[in-house]
Amino acid sequence: MPIMPIMSDRTSIDLLQGTLATLILKSLSWGPRHGYGIARWVAEVTGDELLVEEGSLYPALHRLQARGLVTSAWTTSDTGRRVRAYSLTPQGRQQLRAEVTRWITFSAAVSRALDARRPRLA
Amino acid sequence: MSNEPPHERPDFWSPDLERDISDEIAAHVEMAERDLQRSGFNPRDAADRARARFGDVRRVSAECVAIDRAWLKEQRRSHMWADLRDDIRMAVRGGRRSPLAALVIVFSLALGLGAGAALFSLARGVLVRPLPYGDADRLVFVWSTTDRTARDTLTPGRLIDLRHALTSVDGLAGISQFSANITGGGESTRVNVASVSSPFFDLLRATPHVGGVFHSGAPDRLVVVISHTLWVDRFAANPSIVGQSIVINGVGRRVIGVMPETFTWPSIGPAGVGVLRPDAFVPAGPDDVPFTAAGATEGGLDRRASYLRAVARLADGATLEQAQQEAALAAARIAAMYPDTDAGVGVLLVPLRQQFFGRLENYLRVVGGAVAMVLIVVCVNVIHLLVAQTAGRQTELGIRHALGATPGRIIRQVLTEAAVLVTLGTAGAVLVALWAQRVFPVFVSVRGAERLPSGAFDLPVALFLAALGGTTAVICGAFPAWHVARGGVGRMIASQGSRNVRGVATRRVREGLVVAEIGLAVVALMGAALLLQSFRALSNVDLGLDTTRLLTFNVGLTGARGESTATRSAFFRDVLDVIRAQPGVEFAGVAATLPIGGDDFSSTFTVDGSSLPPAGQEHRAGMQAISPGYLTAVGMRLLAGRDVRDGDTAEAPHVALVNQTFAARYFPAADPIGQRIRLGRSADDPLVAVVGLVSDVRHLGPSEPARAEFYLPYTQRSFRTMAFVVRTSLEPEGIVPVMRSAVHRVDADQALANVTTMDALVEQVLARPKMLSSIVLSFGVLALTLAVMGIYGVMAWTVTERRQEMAVRLAIGATPFAVRRLIIRRSARLVVVGLVVGASAWALLGRSLEAMLFGVSPLDPMVCGAVTAVVMIAAMLGVAIPATRAGRIRAAEVLRG
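So the protein lines, in turn, are chains A and B. Using my numbering, the first residue of the first sequence is number 1, and each one after it goes up by one. Using my numbering, the first residue of the second sequence is number 1, and each one after it goes up by one.
Chain A on its own, in the form it takes in the complex (with noise of 0.2 Å):
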């Protein structure tokens, strides 16, 4: 992802709020997971980059929820502790979906904009 240095910035990750809530989305896709496992697999496709306090990332899922895009249930862990697991729904599904279209849209718009050569001036 060629913009994420850019954003390594430790106090602009609201304004990744968004993109976070894609990826949680998008790590739901395999099936349901807790909170923990999300973070997990956030900072090992981002390299630690973009999850940088794994707390940020439960007020995220929470409104998700508010928003009807995941859906919570209890189960319990093997060690025996209540653990809260998450799943998508199908409008989180759908949400998704849309997602990564508009972000490959968009990333394919910066990168052709990026690699652009010096106009020549007619």
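No wet-lab data here; the hints were simulated from the structure. Keep in mind that a hint or two might mislead.
To be verified - Below, a list of computed lysine to any residue pairs in the SDA-like style, where the Cα atoms sit at most 20 Å apart:
| # | chain 1 | residue 1 | chain 2 | residue 2 |
| --- | --- | --- | --- | --- |
| 1 | B | K770 | B | V856 |
| 2 | B | K73 | A | A60 |
| 3 | B | K770 | B | G846 |
| 4 | B | K73 | A | S72 |
| 5 | B | K770 | B | L434 |
| 6 | A | K26 | A | G47 |
Given chain A's structure and the hints, the job is docking chain B onto it.
Relative to chain A, chain B alone:
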């Protein structure tokens, strides 16, 4: 039971948000710690790192709690609406499951609430509407009282005496009303005129719309104040009418003012309020005494002719009691001064509002009580049915509870069901109220019903109905809900069908109510059936007339035309000649008074040759003056002798026709033709020869038997006012302009009045019995509905309550038939007691209806039998449903519980 999946109940009704979030975060941190330890960190470092990587726990959890809380609130709101929708859907489905019960509930609520709303609107019209006079509560009517009548008119002498004698009233105005012809400024028309004492308008504190009014002491008496109606109808609301002259009964008068539209002065009779309202107010004659149609007369105060109504205003500080006491003293003084005329005559002061609406107010109070009673019974019945239904659905409600519905939720569902029924009932009530409003004024007074203060279905009435409906919904819903709550929803499945100990006492009350309802239904339906029967009999009475296409109107002659028999006869003969020549006219004639709805003229007479009877015991017969052709025109038959003819002039020998009843009563053995009778009781009165015999007519209407009548030629006995009857070959209404021009061709100053058809007159006479019977019938249907509902409700409840017992009976060998018989026997006892109560009540009350009945006795065995049978059948039909259900109880299921 619903076949939908049970309502998904999210666990957000009482979730612990904080705990959930902290559990979630704790799990996260723990998993992170474990991973870190696995990758080589020692436990303490792992814990620190995991915490650092997570960030500010407190901030995150606060944020999550806030998000979830907002979400929850939103969810709750949308669920509330979804629940309401579900409840309404359930209620509608419940209604479809027992459509009869639902229909009966809605129908009776509609009738009960509708009657309440109609009554409220009428009461508002009568009791709340302000009268168009300043400080109207200080106005009183002044009547004479005698041994014979409680409210009698005043004589001129008495009016003036009272005006001088009473200090506790501030002004006293006499009023005399009559009809008169107005000429000038267009065609001659007939209007109602009031001659009033000069302080009339000041007394009422009524101000004119245009111009001025007359006051005490004003010298010019040849003035007139006209009503708004007359101003609009005759003078096209032209303000310049003020100052112009119009002619009333031949007297030119200057118009000085027009009253506002709101100003009315009803024609007051001793019993209440008539509906003919004056269109012109003229000042009284000499001595400020109002005059009659005959015009003002000079010379002394009459102490014998009693024709004046009077209104007065209580003086400041005086109470009605003080004024009444003073009036009683004054009456005693007047009696002492004029023992011949005023002895034994008292004075009665009646407050204006009571005079106008007193009878109606009493009436409203009685009807209001009946309506309230009906509403209470309706509510009790609806409660019965709902409780019985709810009790019958304990299993369903129990299952809903087991599936997660809270008690509150179930109670809300029960309330919603009641509310849905009441809402439908209220909607029906609007229709009932509108109908009742149209009907009620007609019921109170047939003629000119539209002039009564009929209520409107306006905002206050709508609010009243809404409040009434709301209260009913709460009352009707609260009891079943309480029943559910008391039963303990959780125990519903286990406890279903268990017998309620307290129920024994309340069942007595319920059964007593059902008995009373059946009795009430019997009484109301008896009344309705008898009134219907008598209306039918009235409609079928042979009036002795052919009323089809028979146009009628009056002409009252004014001026020189009306002076003598010769001028009168000439006028009517000429008009008849013109009318008979018109196309579309088959026959035409005139008579002094119309049969059906006309006046009741009569005269004393003696049969020639018999001795004079003592005073007060003279023979009296109906008197009619007719033109040649009148008999043919109205469809009467000449049975013997001849009709009157133009040759029967005042100078010719005086003749008369008599009717069959007259002939049978006074000449039972002899041929009436050639007999002679003397009109009046003195030997100077003329002898007339009977020259013809005619068929009977029901002159006084279908409910009165034909009276003995004699008919005089209009050329020998004349009246100023005669009624025309015209048999047309076309629609009578279309020929009215032709009639008007015929009259005006002979004399442009004369006017047509009371233009109508004979059919309309007959209909008008029948309108009151018709309305009365339809209102009583609707009340009877309501009462029967309530009774059927009541017995259905009680029996349904009983079956539900005794399920267990019935199941045991069935289990140990009783047949379904035997179980059904148990219920039917119990109901039959209630029905029979109810019928007996109703029949006994009718035996006592029925006599009071006798005066309103025609051609049927209040205890007519056919009618009484039919009504009893109808009530019995209807009541047993109401029992059939619960009885059938009792037979279908599946013993095994019930007992297994």
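Could you work out which earlier hints the structure fails to respect and list their numbers in ascending sequence? none
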